[in-house]
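Line by line, the protein sequences are chains X and V. Residue numbering for the first sequence follows full-length UniProt numbering, starting at 1 and increasing by one per position. Residue numbering for the second sequence follows full-length UniProt numbering, starting at 1 and increasing by one per position.
Because the hints were derived from the structure by calculation, they are not lab data. Here the structure is a predicted model, which is why all the values come from computation and not from measurement. Virtual Cβ for every residue (Gly too), placed ideally from N, Cα, C. Be aware that one or more of the hints could be misleading.
[As the list claims (entries may be wrong)] Here are the in silico distance ranges between beta carbons for each label pair:
1) X/ASN119 <-> V/ARG404: 23 to 31 Å
2) X/GLU22 <-> V/PRO181: 45 to 53 Å
3) X/GLU13 <-> V/ASN293: 52 to 60 Å
4) V/TRP248 <-> X/LYS106: 49 to 57 Å
5) X/GLU44 <-> V/PRO246: 40 to 48 Å
6) X/PRO92 <-> V/ARG135: 50 to 58 Å
7) X/GLU44 <-> V/MET131: 49 to 57 Å
8) X/ASN119 <-> V/LYS398: 24 to 32 Å
9) V/HIS386 <-> X/THR43: 44 to 52 Å
[Claimed, not checked] Here are the simulated lysine-lysine pairs, DSS-like style, with alpha carbons at most 27 Å apart:
10) V/LYS398 <-> X/LYS110
11) X/LYS32 <-> V/LYS398
12) X/LYS129 <-> X/LYS42
13) X/LYS110 <-> X/LYS6
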Amino acid sequence: MSIAAKQQEVLDELALFQDWQERYEYVISLGKRLAEMDDSLKTEDRLIKGCQSQVWLEANVDGDTIHYQADSDSVITKGMIALFIRVLDGEPIDDILTADLSFIDKTGLKEHLAPTRANALNLMATQIKQRALEFSKR
Amino acid sequence: MPFDPETLRHEFPILATEVNGRPLVYLDNAATTHNPRRVIDASSHYYEALNSNIHRGTHHLARAATEAHEKARETVAAHLNAASPDEVIFTAGTTDGVNLVANCLTPSLAEGDEILISTLEHHSNIVPWQMLAERTGATLKVIPCHDDGTLDQAAFSELISTRTKVLALTWVSNAFGTVSPVVEMTQSAKAVGAQVLIDAAQAVPHMSIDVQALGADFLVFSGHKIYAPTGIGILWGRREALESLPPWRGGGEMIKEVSFEKTTYNDLPFKFEAGTPNIEGGIALAAAIDFVNELGMDDIRAHEDALIREAAERLSAIDGIHLYGPDDRAGALSFKLEGVHHYDLGTLIDQMGVAVRTGHHCCQPLMARFGITGTTRASFAAYNTHADVEALATAVSKAAMMLR
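Given only the sequences and the hints, what does the whole structure look like? Please build it.
Here's what the structure looks like:
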């Protein structure tokens, strides 16, 4: 499935939820289900700077594709980053670099977030692409 | 007779706000309080009827604005029981006041001198002193606190010495609501000849202040913590203490005579008020002070204390909750839910219309002392009610169920 198709799938799923409470419960459940990152990977260089909660992002290249892993001490943040990972994990570097990550704006989650938190989502998207860019240059 | 918070709420237009279709429950008063109608009216009235630059104008409006501005200074002086309105300096807020004093003390400090602060300080009462220490070679020392968030008085007795040149202390902790024994601590500091600055940002909204009984040299606070607008604050200083300081900011108002060869400086309070001040803010602050005095500071405190005790009791019933600070808190109640990030809790209860603050509350060293990155803080004002406490407890319980 293409990145765009996976994004649409996420949007369709979130559209099933009626109100903020249901949407948050869903995001929280995603956060709880996302595989925990090994503590040894939770290092300073994997921290995404500028978020109010701690978010660690790890990326590994596998041939032409990238595998992402992430963790956070905030379960809501973890659920949000799980959405990105679900859409981008295992995708080719070039596709990740050109992907339109603004789908998160259409989830209806952002409007319930404090500006600092919405900004953290943008930082995550930027960092995810940044890692892909680093691999593409090697 | 104690005031009725339900009636009082009608004086605050912003409290009619709805969040997600629910009435706003505002429990972020330690960050900023709301303005009652009469304070908003005082601000508007200034621009509608008085707006003019003060002190130098000879025309009608300039005289009226000057009179209102100086009358506001008198109101603040009377509220603090200052010896004279000349001891009251208008600033932009608490941070501005601390920076003013810390900068002006530069020539008074040298290597080997010590500046004493406490673990409970807000960043605004830490960083200006660190900067002063860097400029002068003085050392910054910190009074530790106990697990209940009160200051370790035995350690304070050890730390204070003739090397101590400055004691800068918060009266009420913005993070935990701890009320420190500032009168006794000031006495100890004065006994060794130190200058004492009290950060009263979180004290002024909850208790009467008598600067003469306090015995400190300087006291600072912000208008927006006491039902007035942002951008206005007060530095009170004992006359001799203020006179011993050099001027800080140069400009208009603070001078007597200027020539390119030499400038002579104005007397107190104008020596520290360079440039056109926040005239409207000062007038609105005076209206806010009249407002709290009409309600009665003791009645406000008693009402808030009852709410905080009730909130502590209600929250304690939630599984895995930890409350910070001693039992006799003023204004603020900080807590943490085991296994829940404070940011997640704040996000969810915001959706339920409950406004609290989450994070380090500009007290990172204090958070580090307790080995945490932050807490959730509910903070109270005169207009809060039992219904607000109920809404807080319900929202936190619900969020706990969603998050765990």
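Between X/LYS32 and V/LYS398, does the CA-CA distance stay at or below 27 Å?
holds (17 Å)
Does the alpha-carbon distance linking X/LYS129 and X/LYS42 stay inside the 27 Å limit?
Holds. X/LYS129 to X/LYS42 sits at ~19 Å (cutoff 27 Å).
Return holds or violated for the Cβ distance of X/ASN119 and V/ARG404 against the range 23 to 31 Å.
holds (27 Å)
Range hint 44 to 52 Å: satisfied by the CB atoms of V/HIS386 and X/THR43?
holds (48 Å)
Given the range 49 to 57 Å, decide if the beta-carbon distance of V/TRP248 to X/LYS106 lies inside it.
holds (52 Å)
Does 50 to 58 Å hold as the CB distance between X/PRO92 and V/ARG135, or does it fail?
holds (56 Å)
Given the hint of 24 to 32 Å, is the C-beta distance from X/ASN119 to V/LYS398 inside that range or not?
Holds, since X/ASN119 and V/LYS398 (Cβ atoms, about 26 Å apart) stay within the stated range.
Is V/LYS398 within 27 Å of X/LYS110, Cα to Cα?
holds (21 Å)
For the pair supplied as a hint, X/LYS110 and X/LYS6, confirm whether the alpha-carbon distance does not exceed 27 Å.
holds (19 Å)
Range hint compliance [Cβ, X/GLU44 to V/PRO246, 40 to 48 Å]
holds (43 Å)
Could one say that the CB atoms of X/GLU44 and V/MET131 fall in the range 49 to 57 Å?
violated (27 Å)
Check the following: the C-beta atoms of X/GLU13 and V/ASN293 are separated by a distance inside 52 to 60 Å.
holds (57 Å)
This entry does not satisfy hint 7, going by the numbered hints stated previously; all others are met.
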